[in-house]
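Please model the complete structure; the sequences and the hints are all you need to start from.
Everything in the sequence shown is counted per our numbering, starting at 1472 for the first residue and increasing by one.
It cannot be assumed that every hint is accurate.
For lysine to any residue, the following SDA-like pairs were computed, each having C-alpha atoms within a straight-line distance of at most 20 Å [as the list claims (entries may be wrong)]: (1) K1911 x S1881; (2) K1809 x A1835; (3) K1573 x P1614; (4) K1932 x L1876; (5) K1911 x K1932; (6) K1844 x Q1815; (7) K1937 x K1911; (8) K1911 x V1963; (9) K1911 x G1975.
Everything labelled a hint here was simulated from the structure, so no lab data went into it.
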Amino acid sequence: MPRARIGLWLSLTLRSTRSLCRAGFMEGQPQGPPNPAGMENGTEPCGEERASEAQETTVTEGAAKIAFPSANEVFYNPVQEFNRDLTCAVITEFARIQLGAKGIQIKVPGEKDVQKVVVDLSEQEEEKAELKKGANLAPGDQPRTAAVGEICEEGLRVLEGLAASGLRSIRFAREVPGLQSVVANDASARAVDLMCRNVQLNAVAHLVHPRQADARMLMYQHQRASERFDVIDLDPYGSPAPFLDAAVQAVSEGGLLCVTCTDMAVLAGNSGETCYSKYGAMALKSRACHEMALRIVLHSLDLRANCYQRFVVPLLSVSADFYVRVFVRVFTGQAKVKASASKQALVFQCVGCGTFHLQRLGKASGASGGRVKFSAACGPPIGPDCEHCGQRHQELPDVPLYYTLDQLSSTIRCSTPSLLQLRSALLHAGFRVSLSHACKNAVKTDAPSSALWDIMRCWEKECPVKRERLSEASPAFRILSVEPRLQANFAVRDDANPSSRQRGLKRFQANPEANWGPRPRARPGGKAAGEAMEERRRLHQNKRKEPAEDPVQRAARLKTFPCKRFKEGTCQRGDQCCYSHSPPAPEDTAAAASPDHPKTSYQNPPGSGVAAGPGVD
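In structure tokens, the structure reads:
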């Protein structure tokens, strides 16, 4: 089984690389004849009708240029530009691995001008030997090469199941080397017609073959090993759940499956029962909800693949903006499928302090003869109540997550340590710790929860909490009532600050426009529907926020609520009284009634400017 050691070639700004690609391929590209085989499965040849240019918008992204209808009849979302950039980079490196094993080198434009970041994305060991075998050429032999925009007979067969305007498939053809063909499929006849025009516009008809079909039926028709796709890309509107069963069967052995989920509200815990019906897991609201979403999607993919004696190997998983994106390779193997249960777990999470514990579903252990024995895991690992704060647990079918600085500090009601201080304390204690791309103040560590809370107890001793303000039933009181068994050292270590953080690398690109987020679903007569949607969004903007009150109106409103002292004639503010004060203290009342302290008349001259006493709220 191949070992994937991926080198992602990323420029400091993705747009600089795209400008290189655009300069090299937008001009003078030969236009190949359309592929008749690409129009099977009940589709019709692309029509010659053209809408007027006044009704269309030209969009340039990467090395592709597409005509897009101004009305929202075919879905296009500029927010997903980073998604498409990342996908082109991953497929390029996947082509480098797959074709390198066949002795074919890919040529990436501008590769020497960008920064190379090498990331180990697999657990397999055999790929090194295969790459070395392909690299050992006989003296005098010239290595075969595969360039962008050219058909590679031994290259990758790519399927984009829900192509819409065809932008992603066209970018594959113009930016990814080593492709044999790209099938751009969509169920909408309007979308297929638009794809045909954009394919001709970009002169990639020799590589990109538009097709009109139900994506699930198309993938089910390619279950034979000889007809499977090397890469399948699924980026639906909402959940990809209806397409996953067909996808894990239609991808080739060791092939790449790219899946996007934009239903983050479901995956992040807002609707646990809906998440279970789609992905086979109950989502839980927590600070680590974005990583939970990624792991739930991976769990769902592996579960569906196991039905066909297949399993998935995650390569890259990303949570960005309002969606998650996963890249996995799919393999076949009964022994590995048996181990899938030992990779799944329940998560018991305390509703008070947020501490979580794992309960694996399966257990793998050694047996006689070097065999591996699989059995059910023992459990549960905890009791019904949290050992730290006494609150109850909930459970979640998922795997390890992370804590956040504000979560740990707010639980015990103390000030927040810096990220470097907490990371240093964990490193001093002998534990491993890392960041998470899903949350900037996340702390992923192999330290047990008891050690983590001991460190927070030590931090509270340096920044004490007023214990008299804590309820005896609160998580903070119960956690702080235990003396730490570990003495934490918060001296900042050099290795506590990773190199990526020192260099100030950004996790994602900056939002390029206002209202950066999901787009409405494409629908017939799209422009009118889109305008109605925008108007509805504008009306609902900040509907839960009360508008700022005019100071003059506020003073007039408060003037109608004088204090009790004003009614009694004892308020020192006189006619300027416009607030409700606390009732007068007994000694003040007695003093006001004595002969030496006659009552102050409420007819004080306006504007006397006398300051309010301690009774004023």
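* Asked: Is K1911 close enough to K1932, meaning Cα to Cα at most 20 Å?
  -> violated, 26 Å
* Pair hint K1809 and A1835, alpha-carbon separation not exceeding 20 Å -> holds, 9 Å
* Asked: Given the proposed pairing of K1573 with P1614, does the C-alpha separation stay at or below 20 Å?
  -> Measuring from Cα to Cα gives roughly 10 Å; hence the hint holds.
* Asked: Has the given pair, K1911 with S1881, been kept, meaning a C-alpha gap of at most 20 Å?
  -> Cα-Cα ~17 Å, so holds.
* Holds or violated: K1844 with Q1815, Cα cutoff 20 Å? -> It holds: about 17 Å lies between the C-alpha atoms, which stays within 20 Å.
* **Given hint G1975 paired with K1911 - CA-CA distance at most 20 Å** => holds, 12 Å
* Within 20 Å, alpha carbon to alpha carbon, are K1937 and K1911? -> violated, 29 Å
* Taking only the CA atoms, is the gap from K1911 to V1963 under or equal to 20 Å? -> holds, 19 Å
* **Restraint status (C-alpha distance of K1932 to L1876 at most 20 Å)** => holds, 17 Å
Consistency note: the structure conflicts with the earlier hints numbered 5, 7.
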